[in-house]
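Chains as they are written, first to last, in the numbering used here: chain F, 5 to 327; chain G, 31 to 582.
Simulated from the structure, these hints should not be mistaken for laboratory data. Do not take every clue at face value.
Below are the DSS-like pairs computed for lysine-lysine, each with C-alpha atoms no more than 30 angstroms apart in a straight line [unchecked claim]: (1) K170/G with K138/F; (2) K65/G with K170/G; (3) K65/G with K93/F; (4) K292/G with K269/F.
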Amino acid sequence: MHTLEGSEILGQETAVRQLELALEKGRFHHAYLFVGPEGVGRRTVARALAAALNCQEVNPGDRPCGRCSSCLRARAGNHPGIREIEPEKDSLRLHQVRQVQEELRFAPLAGEYRAVIIGAADKLTLEAANALLKILEEPPAATVFILVATDLALVPATVVSRCCTVNFRPLPEQVVAGLLAPEVENPLLAAALSGGSVRRARSLTQEAEGLLTTREKAINLWEQAGSSRQAHALEGEAGSLAQVLDWLTLWLRDLLVWRYGEAAKLVVNSDLESRLNQDTTSPDGLLMALEETMRAAGALADNANAQLVAGVLGPKLVRARRN
Amino acid sequence: MYTALYREYRPQRWQEVVGQKAVTVTLHHAVLAGKISHAYLLAGPRGTGKTSTAKILAKALNCEQADAGEPCNQCSNCREITAGNSLDVLEMDAASHRGIDDIRDLQERVKYAPARCRYKVYIIDEVHMLTAEAFNALLKTLEEPPAHVIFVLATTEPQKVPATVASRCQRFNFRPLTAAEIHEHLVRVIATVGAAASPEALAAIASFAQGSLRDALSMLDQCLAYAGGRLEREDVAAVLGLATEEWLLGLALALQQRDTGKVLEMVDAALAEGKSASQVAGDVLAFLRDWLILRLCPDQASLAAVSQAGRVKLKSLPVAPDLLFQLVTNLEEAGGYFRSTRYPRVALELALLKTLVGKPQGQQVPVTPEPAAESRSYRPGAAGERRSGEPGRAAGSRVTSPSSPRTAIGAEEEKPGARVQGGAGDEVSPPAEDLDLAGLRQRWPRVLETVRKIKMTVHALLVEGKLLEVSGQEVTLGFSPGCQFHRERLDMAENRRVVEEALRRVTGREMTVRTMLVPEEAAGETAAAGEMSLVEEAARIFEGKIIASNQT
Numbered sequence: 005m006h007t008l009e010g011s012e013i014l015g016q017e018t019a020v021r022q023l024e025l026a027l028e029k030g031r032f033h034h035a036y037l038f039v040g041p042e043g044v045g046r047r048t049v050a051r052a053l054a055a056a057l058n059c060q061e062v063n064p065g066d067r068p069c070g071r072c073s074s075c076l077r078a079r080a081g082n083h084p085g086i087r088e089i090e091p092e093k094d095s096l097r098l099h100q101v102r103q104v105q106e107e108l109r110f111a112p113l114a115g116e117y118r119a120v121i122i123g124a125a126d127k128l129t130l131e132a133a134n135a136l137l138k139i140l141e142e143p144p145a146a147t148v149f150i151l152v153a154t155d156l157a158l159v160p161a162t163v164v165s166r167c168c169t170v171n172f173r174p175l176p177e178q179v180v181a182g183l184l185a186p187e188v189e190n191p192l193l194a195a196a197l198s199g200g201s202v203r204r205a206r207s208l209t210q211e212a213e214g215l216l217t218t219r220e221k222a223i224n225l226w227e228q229a230g231s232s233r234q235a236h237a238l239e240g241e242a243g244s245l246a247q248v249l250d251w252l253t254l255w256l257r258d259l260l261v262w263r264y265g266e267a268a269k270l271v272v273n274s275d276l277e278s279r280l281n282q283d284t285t286s287p288d289g290l291l292m293a294l295e296e297t298m299r300a301a302g303a304l305a306d307n308a309n310a311q312l313v314a315g316v317l318g319p320k321l322v323r324a325r326r327n
Numbered sequence: 031m032y033t034a035l036y037r038e039y040r041p042q043r044w045q046e047v048v049g050q051k052a053v054t055v056t057l058h059h060a061v062l063a064g065k066i067s068h069a070y071l072l073a074g075p076r077g078t079g080k081t082s083t084a085k086i087l088a089k090a091l092n093c094e095q096a097d098a099g100e101p102c103n104q105c106s107n108c109r110e111i112t113a114g115n116s117l118d119v120l121e122m123d124a125a126s127h128r129g130i131d132d133i134r135d136l137q138e139r140v141k142y143a144p145a146r147c148r149y150k151v152y153i154i155d156e157v158h159m160l161t162a163e164a165f166n167a168l169l170k171t172l173e174e175p176p177a178h179v180i181f182v183l184a185t186t187e188p189q190k191v192p193a194t195v196a197s198r199c200q201r202f203n204f205r206p207l208t209a210a211e212i213h214e215h216l217v218r219v220i221a222t223v224g225a226a227a228s229p230e231a232l233a234a235i236a237s238f239a240q241g242s243l244r245d246a247l248s249m250l251d252q253c254l255a256y257a258g259g260r261l262e263r264e265d266v267a268a269v270l271g272l273a274t275e276e277w278l279l280g281l282a283l284a285l286q287q288r289d290t291g292k293v294l295e296m297v298d299a300a301l302a303e304g305k306s307a308s309q310v311a312g313d314v315l316a317f318l319r320d321w322l323i324l325r326l327c328p329d330q331a332s333l334a335a336v337s338q339a340g341r342v343k344l345k346s347l348p349v350a351p352d353l354l355f356q357l358v359t360n361l362e363e364a365g366g367y368f369r370s371t372r373y374p375r376v377a378l379e380l381a382l383l384k385t386l387v388g389k390p391q392g393q394q395v396p397v398t399p400e401p402a403a404e405s406r407s408y409r410p411g412a413a414g415e416r417r418s419g420e421p422g423r424a425a426g427s428r429v430t431s432p433s434s435p436r437t438a439i440g441a442e443e444e445k446p447g448a449r450v451q452g453g454a455g456d457e458v459s460p461p462a463e464d465l466d467l468a469g470l471r472q473r474w475p476r477v478l479e480t481v482r483k484i485k486m487t488v489h490a491l492l493v494e495g496k497l498l499e500v501s502g503q504e505v506t507l508g509f510s511p512g513c514q515f516h517r518e519r520l521d522m523a524e525n526r527r528v529v530e531e532a533l534r535r536v537t538g539r540e541m542t543v544r545t546m547l548v549p550e551e552a553a554g555e556t557a558a559a560g561e562m563s564l565v566e567e568a569a570r571i572f573e574g575k576i577i578a579s580n581q582t
């Protein structure tokens, strides 16, 4: 299978193979649930799959061809048989699901498949998810549902039970780096930090201050955290706290992995070997610092006040560093 | 278009419903005897057969040529009901029609006689989603509907159905299916479809389905599409992203040996295969549960989903239950981070490392002030105030002079390599790791708790004692002169046995208890040391100096 633009789908061999085989063998299920992190190609595959169902190419292996009228319409986003719904203000609501039910009530155009792509199944409200159940279990003829989700645990079990779950994995670093290469200065580092998500890698490289400056800031913060005069240094970074905390998380993790991992390849900041060697914080201190940093990042993600989060975390880091 | 297995093989007769004998037999007999209630509430988890049973009931009641209460599935009524276009059997999706207007609409139509069938059957699925007003509007009709009307309400969340509604219905509970029942059914389906599958593959699907037949059939569908010829366990693992048993056993070995490098590598390998960190954590948690069963309740080994070979391997790993409990706690805790962090794998790694290299964090009931002081590892130069006979953890298992200050590095030295202990083939609870004073002190609160459960009075005696020394199989307890009475009572054979029994339960080792008198002032000093460290900590936090300390 190819993307609609005709390029290859990278790094998701198992997932793509599964879908191709189901198409070839005529065992195509009426509901799929694509699970995986952001930015690894779930939606790309969902769109390609939806287009492939109606592609006019003769050879099934070449669908979607990206050239036939059906594929062209799908590419332009105005194929009548392909419907995408996305969360409205952070959640997928009941009225959106009802609208889909309403549309599916009518028979499809002759000989065409209909595909409903539900953009974030983990953002379905309780009411919307329940309203989806009946139609997801027994949809009208020639209708396929493709649900996309990041966290399987947030999708109601009743929905999961009606779908075939397809796992999408984080992309290998080389793949991310390869995709970034033309646009970015140091694609390898961005790839290592991205956790296997192209989208995340892109947004990392677009950060205002640049990757390396923020990293330097975070590492310096930690290295100087030994003195309590530094306890409030973090508050100065409140503006870009999320990024600093991300880097701090990775750095602390690397320190631990460096010490206990024995395999240097697991370290993200592999270019800073000497600094990794220098750190003498106790293991308990590192564990504590990492946990507190992750907790702070969580609070920040939950809309806590950045200044306060920094104010709370700073002294804790000082304490951990001395530990 | 292809029809999914779970739709294709929906049960159409009472006998075909898997694993719900209590429900199907009762309903079947009710139909036979003509003792039909006017309202049923079918409750149970997803994929256990609620909607299917409702349809079978509708067919059994309306079939033109029913054979002993079983629908024929041939007559026009049966066929229409199966296809869902019968005029008289109405399947209503309460989740999308949940308002009071939808119920009023229903009431409006209830009064008309059925067009072709004997009974008008309303199947209200996902009934828990009706609004409060809608439920209340339904009450009167539900209690006394016209003679030709039968309501069948189906829900996965019966607790959300108001009591006033539930009390008007006959309630039937559907239970989650056992893995064996699912397995059996999968074998039948495979035979009907004309495919081939290895028993291990089906067993893996059956256990992964968590009691839901629909989940199992969805997975089977997916796996059959993927597998080349015969369906093997590897295909299932690839499609479902299951952790293989080899991987889990490898991780178990690495955890037991506290080989952090290996643990990190294995986690990396699992993530590279495309599992999310939360999935890996879930797999490991499920496995820890099995491991704990095998370790603590070998008689119930059948409850653990581990192969015979895996069981033998696990049994040969001497692991302290505490390590497993700690892992469970830490992984559960990591679960909280999976949603908020951008690096879920770090949360997973943190949980594992914390268990292996971090200080154990038991529920500390501070019997002596010492455990509390222990946890402040950054206490500088406090050694002088420590009373002799109460060595810091770093001092190891012997009673030594406490001159070695506890340093941060000390904790690292403790990082044990492979601590495998031979000997003492106690079947019930095989010997744990080497147990030193620090280790026992860590578990002391649990020993006390266990003693309390066995015999309250012994607990009262034991709390006065101080853990002084552990050497080999002997535990020495110290009592101050004021507690002479306690010591004597504890020395009585029957009371000593209670303590020894508790020690055996907590540590998994046979130990004997010895008591001795210790000078009064030693005990007093310990308390002072505990308080001193508070002052010192304050001084440390504020980077101050202690000029005078005024405490009595």
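To see whether the hints hold, each was checked on the structure:
1. K170/G with K138/F: holds, 27 angstroms
2. K65/G with K170/G: holds, 21 angstroms
3. K65/G with K93/F: Status violated; Cα separation ~52 angstroms.
4. K292/G with K269/F: Holds, at roughly 13 angstroms.
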